[in-house]
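Student: Sequence:
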Amino acid sequence: MKFFKRYNIDQKTLDEFKKYYVLLHGPFPNDMYDFEEETNTSLDEFYEFFALITGSLNYIIEDKKIPRYQREMLKKTFYEHYPHFRNYKSDILKYQELSECLEFHEKIRILINKLITGV
Numbered sequence: 001m002k003f004f005k006r007y008n009i010d011q012k013t014l015d016e017f018k019k020y021y022v023l024l025h026g027p028f029p030n031d032m033y034d035f036e037e038e039t040n041t042s043l044d045e046f047y048e049f050f051a052l053i054t055g056s057l058n059y060i061i062e063d064k065k066i067p068r069y070q071r072e073m074l075k076k077t078f079y080e081h082y083p084h085f086r087n088y089k090s091d092i093l094k095y096q097e098l099s100e101c102l103e104f105h106e107k108i109r110i111l112i113n114k115l116i117t118g119v
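Under UniProt numbering, residues 1 to 119 are what the sequence shown spells out, in order.
A couple of the hints might just be wrong.
Claimed, not checked - 20 Å max Cα-Cα, derived PhoX-like pairs, lysine-lysine:
(1) Lys18 to Lys107
(2) Lys65 to Lys75
(3) Lys114 to Lys76
(4) Lys19 to Lys76
(5) Lys114 to Lys64
(6) Lys64 to Lys18
(7) Lys18 to Lys65
(8) Lys18 to Lys5
(9) Lys5 to Lys76
(10) Lys89 to Lys19
(11) Lys12 to Lys114
(12) Lys76 to Lys107
(13) Lys65 to Lys76
(14) Lys89 to Lys107
(15) Lys64 to Lys75
(16) Lys64 to Lys12
(17) Lys114 to Lys65
(18) Lys19 to Lys107
(19) Lys114 to Lys75
Keep in mind that the hints were calculated from the coordinates and are not lab data.
Between the sequences and the hints, there should be enough to build the whole structure, so can you do that?
Tutor: Here's what the structure looks like:
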C-alpha cells in the first residue's frame, strides 16, 4: 500500500527508513579523528557525504522531493565523489568504526537510489 505521494513506499519500509535515520544521527565514529590525524587528511568530505545521505533520507521520510542536483550526487559512491580518498581505501579499512559507518551510509545511498529511480 502506498502512503506517500512522491515515493512508492509502504509502512514497513517507512519504519525501516526511520530507524536508519535515527542510526545515522548517532555520533560520528571515534576512530575518524585518529584517521584524520594519522593520515593528515581532512574529515570535511566525510561530513559532507554523511550529510548528503542523512538529508536525502529525511526528504523521503517527509515525502518531499529530493532536489535534482542532490539526486545526481546520490548516484556516486564516496570514492567517486572524492577520488583522492581511493588512495586511503586500505587505510580506512583499518579504522573499524569509520569503515562500518561509511559502509552503512553507502548501503543507505543505494536504497535511496533504488527508491527514487524505481529500480
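Student: Now, for every hint given, state plainly whether the structure supports it.
Tutor: A quick look at each hint next to the structure:
no.: 1; hint: Lys18 to Lys107; result: 15 Å, holds
no.: 2; hint: Lys65 to Lys75; result: 16 Å, holds
no.: 3; hint: Lys114 to Lys76; result: 13 Å, holds
no.: 4; hint: Lys19 to Lys76; result: 23 Å, violated
no.: 5; hint: Lys114 to Lys64; result: 16 Å, holds
no.: 6; hint: Lys64 to Lys18; result: 15 Å, holds
no.: 7; hint: Lys18 to Lys65; result: 17 Å, holds
no.: 8; hint: Lys18 to Lys5; result: 17 Å, holds
no.: 9; hint: Lys5 to Lys76; result: 26 Å, violated
no.: 10; hint: Lys89 to Lys19; result: 28 Å, violated
no.: 11; hint: Lys12 to Lys114; result: 16 Å, holds
no.: 12; hint: Lys76 to Lys107; result: 12 Å, holds
no.: 13; hint: Lys65 to Lys76; result: 19 Å, holds
no.: 14; hint: Lys89 to Lys107; result: 17 Å, holds
no.: 15; hint: Lys64 to Lys75; result: 18 Å, holds
no.: 16; hint: Lys64 to Lys12; result: 19 Å, holds
no.: 17; hint: Lys114 to Lys65; result: 15 Å, holds
no.: 18; hint: Lys19 to Lys107; result: 14 Å, holds
no.: 19; hint: Lys114 to Lys75; result: 10 Å, holds
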